[in-house]
Structure formats: C-alpha cells, structure tokens
Amino acid sequence: MGLLNFLFGNKNNAITEFKEKGAIIIDVRTPGEYQQGAITGSKNIPLQTINTKIDYIKKLNKPVITCCASGGRSANAAKILNTNNIEATNGGGWKSLQGKL
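In full-length UniProt numbering, the protein residues as written are 1 to 101.
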C-alpha cells in the first residue's frame, strides 16, 4: 500500500503544499520527450542523469515536484532526491500535473 500510495496516492495535497513553498518542477523525461511539450518554467533533468545533478538541485534551495510521462520515472526521481536530503514529491505525468498547477 505504501508504494501504491506514493505512486498514485493523494498527490493534490502534496502538490499544493509544495507550490506554497515555492517548489520547482523537474521533468525527468528525455530531452526529445521534453521538447514535444512540457510545463512552462520546468527544468528538464532526465532521470538517467539526475544523480549527477544533485549538487545543482541542492543549490536551488527549493522543494522539488518531479514529473515525467506517466509517473514511474518521476517516482524514482523523487525517491533519489529525498535520499539525498532534497525535499521532493512525485507529481506524476506532466500533463496531469499541469492541470493541478
């Protein structure tokens, strides 16, 4: 239940809380996917490179909402960021997240 709740749970409350804290949005899709459409103002840091960008993300000094195409990669990214002491939540698919912002 914990993993399912993390992946598909009540994201609206977390997203609202993170927005109120001035969160940034990190889209973890590939650059090609990102170029086909993305949330305005989001940063594209593909999941496969996120470990190399931890210091950069920490310097932003803001909580992070991750997104991707469907929510799987963004869940992994949020876990990686949280493990590295960066406050992060999984926003799920970018199109769905865009509607919640």
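It should be emphasised that the hints constitute simulated quantities derived from the structure, not laboratory data.
From a predicted model like this one, the values you see are computed outputs, not experimental measurements.
Every residue, glycine too, gets a C-beta built ideally from N, C-alpha and C.
Please note that the accuracy of each hint is not assured.
[As the list claims (entries may be wrong)] Straight-line C-alpha distance at most 25 Å; calculated DSS-like pairs for lysine-lysine:
#1 Lys100 to Lys62
#2 Lys21 to Lys43
#3 Lys62 to Lys21
[Claimed, not checked] Listed next, with one range per pair, are the computed distances between beta-carbon atoms:
#4 Asn76 to Gly32: 29 to 39 Å
#5 Asn85 to Gly37: 26 to 36 Å
#6 Lys79 to Tyr56: 31 to 41 Å
#7 Thr30 to Tyr56: 17 to 27 Å
#8 Gln36 to Asn85: 29 to 39 Å
#9 Ile54 to Pro31: 31 to 41 Å
#10 Gly41 to Ala69: 15 to 25 Å
#11 Gly99 to Asp55: 15 to 25 Å
#12 Gly32 to Thr52: 28 to 38 Å
#13 Gly32 to Lys53: 16 to 26 Å
#14 Ser96 to Thr30: 15 to 25 Å
#15 Leu101 to Gln36: 28 to 38 Å
#16 Asn13 to Thr52: 25 to 35 Å
#17 Asn76 to Tyr56: 15 to 25 Å
Here is how each hint holds up against the structure:
| no. | hint | in the structure |
| --- | --- | --- |
| 1 | Lys100 to Lys62 | 19 Å, holds |
| 2 | Lys21 to Lys43 | 17 Å, holds |
| 3 | Lys62 to Lys21 | 8 Å, holds |
| 4 | Asn76 to Gly32: 29 to 39 Å | 19 Å, violated |
| 5 | Asn85 to Gly37: 26 to 36 Å | 31 Å, holds |
| 6 | Lys79 to Tyr56: 31 to 41 Å | 18 Å, violated |
| 7 | Thr30 to Tyr56: 17 to 27 Å | 18 Å, holds |
| 8 | Gln36 to Asn85: 29 to 39 Å | 32 Å, holds |
| 9 | Ile54 to Pro31: 31 to 41 Å | 19 Å, violated |
| 10 | Gly41 to Ala69: 15 to 25 Å | 19 Å, holds |
| 11 | Gly99 to Asp55: 15 to 25 Å | 32 Å, violated |
| 12 | Gly32 to Thr52: 28 to 38 Å | 19 Å, violated |
| 13 | Gly32 to Lys53: 16 to 26 Å | 18 Å, holds |
| 14 | Ser96 to Thr30: 15 to 25 Å | 19 Å, holds |
| 15 | Leu101 to Gln36: 28 to 38 Å | 19 Å, violated |
| 16 | Asn13 to Thr52: 25 to 35 Å | 31 Å, holds |
| 17 | Asn76 to Tyr56: 15 to 25 Å | 18 Å, holds |
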